[in-house]
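Heads up: the sequence shown at position 223 corresponds to 1459 in the working numbering, and the numbers run straight through without jumps.
Note that these hints are calculated values from the structure, not bench results. Quick caveat: nothing in here was measured; it's all calculated off a predicted structure. Each hint should be verified, as a subset may be incorrect.
Claimed, not checked - Ranges between beta-carbon positions, derived for each pair: (1) Leu1361 - Gly1395: 14 to 22 Å; (2) Asp1480 - Thr1313: 32 to 40 Å; (3) Asp1371 - Thr1593: 28 to 36 Å; (4) Leu1283 - Asp1409: 33 to 41 Å.
Think of the CB as a built atom: it goes at the ideal place given N, C-alpha and C, for glycine as much as any other residue.
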Amino acid sequence: MTKQELKFLKNISEIDGVSGHEKEVREFMKKEFLTVLPEENLSYDRLGSIIAKKEGLAGGPKILITGHMDEIGMIVTQITDDGFLKFQTIGGWWSQVMSSQKYTITASNGKKIRAVIGSIPPHILQKEQLLKPVDVKDMFMDIGVKDKESAEKLGIKIGDPITPYTTFEQMGDDNYLLGKAWDDRIGCAIAIEVIKGLKDVEHPNVVYSAGTVQEEVGCRGAKTVAQMVNPDIAIALDTGIAYDIPGTDGHIKIGNGPVMLIFDGGLIGHLELREQMMKVADELKIPYQLDHLQRGGTDASQMHVAHDGAPSMSFIVATRYLHAHTSVIHYDDYKNAVKIIIEFIKRLDKDMVNAITYN
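All chains, full assembly: derive it from the sequences and hints.
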């Protein structure tokens, strides 16, 4: 792992980009894409998604890979007379992991303001209050001001986005990476690195690598991007649940390879597409894992039903502590995901697409 790679992963994970406010992430992805592509190869939907086009063979099969730029967070809904903030969650939160954590408010004037969700000390709580988690509607954000006027002078307005505040770190084993918003900045990182890895590489297709918006609230950017691209093959790059922690029951472990989902709440993964992806991984001797999810989904839930349909799959990086303030991934899973996707793209031609689609 090079210093340049660490800086790249740190930067992409620490950007603030709650659903509907992905501009900072989009600008980062744009800058990275432009290191290997001309500006005319970039396009955008009207919701804010970015699409990078890397053409191998003109008229070849169109393969769409996506990482979603948004993360879970909140928006400001009220500024109290005492200068505290009330908020609405965006995306799937569990209230028990929210209290006493630090957050960043991106004010309407662009200023970044640190905040913490306040909590009542246990010394003054009733016994029955100690036995139940605090409801989100009863939570408040403390920005360290004395009144509403002071909050407004900072530039805070109703509707301003709030994101978790966490710094990127390497853990005890340097390959274990702790950070904010791995869901789904690691998918965005893979989407970027695939395009970089295809520089000067001959391949028989046209690759569209996209950063999509609003996945956490309904995979909305994936729907518009898929309508624009009309792909022959679509792959959602996302995160999934790691079960290698106490109290969970499952076989997926971080560091054991990227995960191919058999099905999830929004997609029955395409069998022949998955078989071809597994074949590539086997030939490269790269480990991978297979899993399923009863609930939840990825961008593939929208991409596979665009136009007259596209064989699709969810290709994910196992992640500890999803939809919480901090999460943990393994560097090897990220790098191996990039390797498998690039090699698959190099092999994907019209004959393979037909075999996948009509077998």
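Each hint, compared with the structure:
1. Leu1361 - Gly1395: 14 to 22 Å: About 32 Å separates the Cβ atoms of Leu1361 and Gly1395, which means 14 to 22 Å is violated.
2. Asp1480 - Thr1313: 32 to 40 Å: 37 Å, holds
3. Asp1371 - Thr1593: 28 to 36 Å: For Thr1593 against Asp1371, whose Cβ atoms are near 48 Å apart, the range 28 to 36 Å is violated.
4. Leu1283 - Asp1409: 33 to 41 Å: 39 Å, holds
The structure does not agree with the numbered hints 1 and 3 stated previously, though it agrees with the rest.
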